[in-house]
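*Asks:* The residues making up each chain are set out below.
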Amino acid sequence: MNPPTDPPALPARDTRALPTGDVHAVVARLAEHPFFAGISREDLARLAEGGALVEFDADRYALRQGGPGETFTLLLEGDVDLEVAGAGPPLVIESLHAGDALGWSWLFPPHRWAFDAHCRTQVRAIALDARHLRALIDADPVLGRELTHRVAELVADRLRHARLQIVSGHAHDHRA
Amino acid sequence: MAAPGVIAPSGLGSLIALLRDEGYRVVGPTVRDGVVVHDDLAGVDDLPVGWQDRQGPGTYRLERRDDEALFATAVGPHGPKRELFPPRQHLWEAVSDGDAVFHVVEPPAPDERIAFLGVRPCELAAIGVQDRVLLDGLAADRVYAAHREQVLLIAAECHQPAGTCFCASMGTGPGVVDNDGSVPVARADLAITELLEGEHRLLLRAGSEEGSRLLDAIDHRAATAEDHAARDASLAAATEQMGRHLDVEDVHDLLMGNLSHPRWDEVASRCLACTNCTMVCPTCFCTNVEDTTDLSGERASRDRRWDSCFTIEFSHAGPTSVRTSTRARYRQWLTHKLATWIDQFDTSGCVGCGRCITWCPVGIDLTEEVAAIRASDGRKSTS
Amino acid sequence: MTIAPDLPLRDPLTARPYVVSTIRQQTHDIVTLDVRPAEAPIAFAPGQFDMVYVYGVGEAAISISSDPATPELLSHTIRAIGWVTRALNDLQPGATIGIRGPYGRGWPLDDAEGRDLVIVAGGIGLAPVRPAIMAALAQRDRFNRIALLVGARSPRDLVFRDDLDRWATNPAIDVHVTVDSAVRGWGGRVGVVTKLIPRVPFDPDGATVLTCGPEAMMWHTADALVKRGVDPNHLYVTLERNMRCALGTCGHCQLGPVFVCRDGPVFAWPEVSGLLEEREL
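Protein chains in written order, with our numbering: chain A, 6 to 181; chain B, 2 to 384; chain C, 755 to 1035.
Check each hint, because a few of them may be wrong.
Counterexamples of contact, computed for chain C against chain A with all Cβ distances above 10 Å [as the list claims (entries may be wrong)]:
no.	residue
1	770
2	825
3	846
4	847
5	859
6	897
7	901
8	920
9	924
10	927
11	940
12	942
13	983
14	1025
Estimated spans, in silico, between C-beta atoms of each pair [what the hints assert, rightly or not]:
no.	chain 1	residue 1	chain 2	residue 2	range
15	B	198	C	1032	31 to 37 Å
16	C	867	A	55	50 to 56 Å
17	B	24	C	987	55 to 61 Å
18	B	172	C	867	55 to 61 Å
19	B	380	C	898	53 to 59 Å
20	A	37	C	987	33 to 39 Å
21	B	22	C	1029	52 to 58 Å
22	A	153	C	1032	32 to 38 Å
23	A	153	B	139	40 to 46 Å
24	B	369	C	775	55 to 61 Å
25	C	1029	B	234	45 to 51 Å
26	A	157	C	896	18 to 24 Å
27	B	320	C	867	36 to 42 Å
28	A	89	C	775	53 to 59 Å
FYI, nobody ran anything at the bench for these hints, they're computed from the structure. All C-beta atoms in this analysis are idealised placements derived from N, C-alpha and C, irrespective of residue type, glycine included.
Pulled out of the complex, with its shape left as it was, chain A reads as follows (with noise of 0.2 Å):
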């Protein structure tokens, strides 16, 4: 389902697709890419329908806080810093970089993006289109069972690492 109502106004993102329309060249940046680690190339042409290869220069936004949730994006080059605004300067409480997964907030409503996602170096990506994956995962059961689980562990290990950040602040470290 897409989400109910339009997303508040927010700066664009600072993003330019590449010069190429060419899904190969997405596909086989995917098939590289440790997120799709195991998926066959057929699937992973599906799955990149829409897609292409993105880039950010340094100390631009890949995603911002509230933003919508429309594309996935699967990082090839350079490092994001997912970063809570507030007073003062920017917290960063996760770095991501080449390898990893940007976000999972596309793939469960309302599609808005939790956090920025500042990039700290120039950065290369894969970005996916999220509606179409979102297409996908509910008419293919078996693709769309494997994309799910794939960010469900996705989501698992960001939690798991999560608590165990809240745990390492409340118990006092080793022999003191």
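With chain A's structure known, arrange chains B and C on it following the hints.
*Replies:* Just chains B and C, lined up with the frame of chain A:
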């Protein structure tokens, strides 16, 4: 080695006198405030002559007998541990020489010759267990070693076990167990068997050169076959009268395989975590240290005192304690005593003296706890 | 420098005098005390700990954090949380403290011989593994890869930053540092240390791993390592319990069948994971 001999009960008086003449402090059971405690003995009359104890879970009282038996009481709350490993021990003192400098002064090693008279077989076993813990570990404990080296042990075998006794289950009594090296039992220099059938007499058997010398030094007659037979009968009767029984078969795996047994919750609902059981236990060795300074700040003292795994502070580590619930602390005590002690010291930590049962204010009985766990053993597969 | 081969006969519970030479503030509540023995230095193994005594205040178990090659200069890295550790944090150079030790079973560097050595440290947990890193670098050819994974709550909670900077440019060791959170501009990785485990180059089949940090971190580290294919028998942890006597005779640090002071503090993971799983053991 001197051959076994027999003396009249009054003959013990000359042994006590001899030991005192030789500079020994003679310590043994004596009645005070309605209970048998350990204290200095000046003569036979200081022993609990004509007394017998009635012990049960959470109860202790002394009753008059219709004879003049010397050793018809079982163990009271005290044992040789009080002297060998005192409740409070001064370890060392740091003396300040100026602003930030100090030097450490160790007190002289304890130099007191103690003769324990009337040491029960379970207590010999307890000393043997403490020897393993405090002498045979990474480093011998200086205080314990100094006391232990000079001690003379005169045992008294048991003819009248109390209602809380279960030494027969633990293989530590009621007679003095030969130390063949398989179980840690302290060697008695002299063993007394009080014989009440017929003529009231004491059979004395030497277990060391020192014991042999002492036996030779007091008036006695040679023991006869009848005396030895009377001893056998007395010990057999005592075994029969044992107030409690603990099935030790497979007890290590039984307890360690039942760490989540509901019985721990049940016992925790009764246990007050008062530490009594650990304070009266003859093998418990846990201690803590206390650092204090005098008012001038020129002397800092370090003392060691008995501690107990029943306190919350005991397992304090980092921001909290490991064992915050009474359930965990009772489980720690019982599993250590009967199971993990074996892992650590190759012997049970329990000698069957029953003190923890008697002196528990709510009468928790470890033999009953083990039996309850055994009755509903939660292990998936028992081997 | 000679090391006394035989200790003078004295009570093992008696502290020896050491003089504080320098105090290095590591974080807002962690200092490293460098001390010199007033008597002959005593050799120690990486991973061992000392009982450190402050005049009139008391004793605390503290891991040795300095190079085992130089026992004449001992370091202890201390977070101020209790009476003794706060007093240690307040000491001035020239002060005398008492130390007895070293105690316990240290890191099994021999197990890593001919293998990859991976070290995972959380927060002040870098202190107990620092001697192992120094010892390994001093005998570099005994090991294949050496990787160091360090985590801290924030950049200002990182200890031994000089070392981390130095090792980062040393080709003999592969250093990865991450923090749980940071203000923008930190420039390093952000995330828990276990996140590094799937990414750092080492051979899981041939890796020996030493890990030190809060218990929760060690659990997650173990899970991540096993997921990557590391044999838990080659995973070592160091445990924290209430160590009072350090000789296995005061009872405080008992964990089921073991005394952490005497049988540890370093354990192979399978030796203790089952015990740690049991609540309040």
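*Asks:* Are the hints correct? Go through all of them and say.
*Replies:* Evaluation of the provided hints:
Every Cβ of chain A is farther than 10 Å from the Cβ of residue 770(C); the closest lies at roughly 21 Å, confirming the non-interface assignment. Remark: the non-interface label on residue 825(C) is consistent with the geometry, its nearest Cβ contact in chain A lying 19 Å away (cut-off 10 Å). With 10 Å as the threshold on Cβ separation, the claim that residue 846(C) sits away from chain A holds: the shortest Cβ distance comes to roughly 21 Å. Listed as outside the interface, residue 847(C) is consistent with that label: its C-beta sits roughly 22 Å from the nearest C-beta of chain A, beyond the 10 Å cut-off.
For residue 859(C), the requirement that its beta carbon stay farther than 10 Å from each beta carbon of chain A is met, with the minimum near 15 Å. Chain A leaves residue 897(C) outside its interface by the beta-carbon criterion, the shortest separation being 24 Å against a cut-off of 10 Å. Interface exclusion of residue 901(C) from chain A stands, the closest Cβ pair being 17 Å apart, more than 10 Å. Against the 10 Å criterion, residue 920(C) stays outside the reach of chain A, whose nearest CB is about 22 Å from its own CB.
At the 10 Å boundary, the C-beta of residue 924(C) stays outside the reach of chain A, the nearest C-beta of that chain being 22 Å off. Consistency note on residue 927(C): stated as away from chain A, and its beta-carbon is indeed over 10 Å from all of that chain's, at 21 Å minimum. For residue 940(C), the requirement that its beta carbon stay farther than 10 Å from each beta carbon of chain A is not met, with the minimum near 7 Å. Listed as outside the interface, residue 942(C) is inconsistent with that label: its C-beta sits roughly 8 Å from the nearest C-beta of chain A, within the 10 Å cut-off.
Against the 10 Å criterion, residue 983(C) stays outside the reach of chain A, whose nearest CB is about 15 Å from its own CB. Taking the minimum C-beta to C-beta distance to chain A, about 18 Å, the non-interface status of residue 1025(C) holds against the 10 Å cut. Judged by the Cβ atoms, the range 31 to 37 Å given for residue 198(B) and residue 1032(C) is violated: they are separated by roughly 53 Å. Judged by the Cβ atoms, the range 50 to 56 Å given for residue 867(C) and residue 55(A) holds: they are separated by roughly 54 Å.
Between residue 24(B) and residue 987(C) the CB atoms are about 58 Å apart, so this pair conforms to the stated range of 55 to 61 Å. For residue 172(B) and residue 867(C), the hinted distance range of 55 to 61 Å is not satisfied, since their beta carbons lie about 46 Å from each other. Distance hint check: the CB atoms of residue 380(B) and residue 898(C) are about 43 Å apart, inconsistent with the given range 53 to 59 Å. For the pair residue 37(A) and residue 987(C), the beta carbons lie near 34 Å from each other, so the given range of 33 to 39 Å is met.
For the pair residue 22(B) and residue 1029(C), the supplied restraint of 52 to 58 Å holds, since their beta-carbon distance comes to about 55 Å. The supplied range of 32 to 38 Å is met by residue 153(A) and residue 1032(C), whose beta-carbon atoms lie about 36 Å from each other. Between residue 153(A) and residue 139(B) the beta carbons are some 57 Å apart, a value that contradicts the proposed interval 40 to 46 Å. A C-beta distance of roughly 60 Å is found between residue 369(B) and residue 775(C), which places it inside the suggested range of 55 to 61 Å.
Range check, residue 1029(C) to residue 234(B): about 49 Å between beta-carbon atoms, so the 45 to 51 Å window is met. At roughly 43 Å, the beta-carbon separation of residue 157(A) and residue 896(C) lies outside the given 18 to 24 Å, and the hint is violated. As the Cβ distance of residue 320(B) to residue 867(C) is approximately 37 Å, the hint placing it in 36 to 42 Å holds. Distance hint check for residue 89(A) and residue 775(C): the Cβ-Cβ separation is about 43 Å, which falls outside the suggested range of 53 to 59 Å.
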